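Asks: Sequence:
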Amino acid sequence: MNDKSKSVKFFEQLSWGIWIWSFIALLCVSIYLSVWAPLGNIAALLVTGISFAGFYSLSIKMRTTTKIEGQMLISNKAKIDLKFIKSATALDAEGFKRLAGVDADPAAFLAINFWSKTGVKVELKDKKDPTPYWLISSKDPKRLVKALVKAQK
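Take the sequence shown: its position 118, counted from the start at 1, is 118 in our numbering, and no numbers get skipped.
Hints are computed from structural coordinates only; laboratory data are not their basis.
One or more of the hints may lead you astray.
[As the list claims (entries may be wrong)] Within a straight-line C-alpha distance of at most 25 Å, the following computed DMTMM-like cross-link-like pairs (lysine to aspartate or glutamate) qualify: (1) Lys79 / Glu12; (2) Lys83 / Glu123; (3) Lys79 / Glu123; (4) Lys79 / Asp126; (5) Lys150 / Asp140; (6) Lys125 / Glu69; (7) Lys79 / Asp129; (8) Lys153 / Asp129; (9) Lys9 / Asp92; (10) Lys77 / Glu123; (11) Lys83 / Glu69; (12) Lys67 / Glu123; (13) Lys153 / Glu12; (14) Lys142 / Glu12; (15) Lys83 / Glu12; (16) Lys86 / Asp103; (17) Lys77 / Asp140; (18) Lys150 / Asp81; (19) Lys79 / Asp103; (20) Lys150 / Glu69; (21) Lys153 / Glu69; (22) Lys139 / Glu94.
Given the structure is predicted, the values throughout are model-derived calculations rather than measurements.
Make a model of the complete structure from these sequences and hints.
Replies: Next comes the structure, spelled out in structure tokens:
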């Protein structure tokens with residue numbers, strides 16, 4: 001294989017938005033004040049620091065990564081060869097919400113986040129795989145669809 005076939009043709013990593021970090025900042029202030037009042041400054045700083053480290057670790061664990069590398073679509077730890085992709089559809093907020101909710105197929109693979117409003121439906125054509133489609137969160141679903149179409153050529 002040449003270097004071009006292994007190159008990354010698309011990369012997107014979704015992590016918590018500013019509104020979640022704002023909430024965590026307020027939560028840390030609340031934790032600090034709750035511990036500071038009865039136990040003092042050092043205990044409050046220690047507990048707040050440990051809490052923030054826990055939140056930060058959780059944010060890293062909850063990140064979603066989607067990439068097209070070589071002839072593979074990779075979403076977190078799941079991989080599929082591009083030859084098994086039938087089609088890809090960019091979904092707006094309403095379509096994404098419906099497909100992740102009331103219209104969801106229980107056999108579908110979901111790589112979604114609660115903070116993402118848009119995504120891509122990737123329909124599969126592998127007869128050996130019972131998974132009908134992948135639903136992937138994306139900030140820019142049209143760019144992911146274009147990258148999939150281009151990579152399949």
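Asks: When you check the alpha-carbon spacing of Lys79 and Glu12, does it fall within 25 Å?
Replies: Holds: Lys79 and Glu12 sit about 15 Å apart, inside 25 Å.
Asks: Starting from Lys77, check that the Cα of Asp140 is at most 25 Å away, please.
Replies: holds (20 Å)
Asks: Can you confirm whether the C-alpha distance between Lys150 and Asp140 stays at or below 25 Å?
Replies: holds (16 Å)
Asks: Given the hinted pair Lys79 and Asp126, is their Cα-Cα distance within 25 Å?
Replies: Holds, at about 13 Å.
Asks: Can the restraint linking Lys83 and Glu69 be considered satisfied, given a maximum Cα separation of 25 Å?
Replies: holds (13 Å)
Asks: Take the C-alpha atoms of Lys150 and Glu69, compute the straight-line distance between them, and say whether it is at most 25 Å.
Replies: Answer holds: Lys150 to Glu69 is near 12 Å, not above 25 Å.
Asks: Check whether the Cα positions of Lys153 and Asp129 lie no farther apart than 25 Å.
Replies: Answer holds: Lys153 to Asp129 is near 23 Å, not above 25 Å.
Asks: If you draw a straight line from the CA of Lys9 to the CA of Asp92, is it 25 Å or shorter?
Replies: Holds - the C-alpha atoms of Asp92 and Lys9 are around 23 Å apart, at most 25 Å.
Asks: CA of Lys153 to CA of Glu12, is that 25 Å or under?
Replies: Status holds; Cα separation ~21 Å.
Asks: Mind checking the alpha carbons of Lys83 and Glu12 for me, to see if they're no more than 25 Å apart?
Replies: holds (21 Å)
Asks: With a cut-off of 25 Å on the C-alpha distance, tell me whether Lys79 and Glu123 pass.
Replies: With Cα atoms ~14 Å apart, Lys79 and Glu123 stay inside 25 Å; holds.
Asks: Would the hint linking Lys79 and Asp129 be met if the CA-CA limit is 25 Å?
Replies: Measuring from Cα to Cα gives roughly 13 Å; hence the hint holds.
No hint from the list above goes unmet by this structure.
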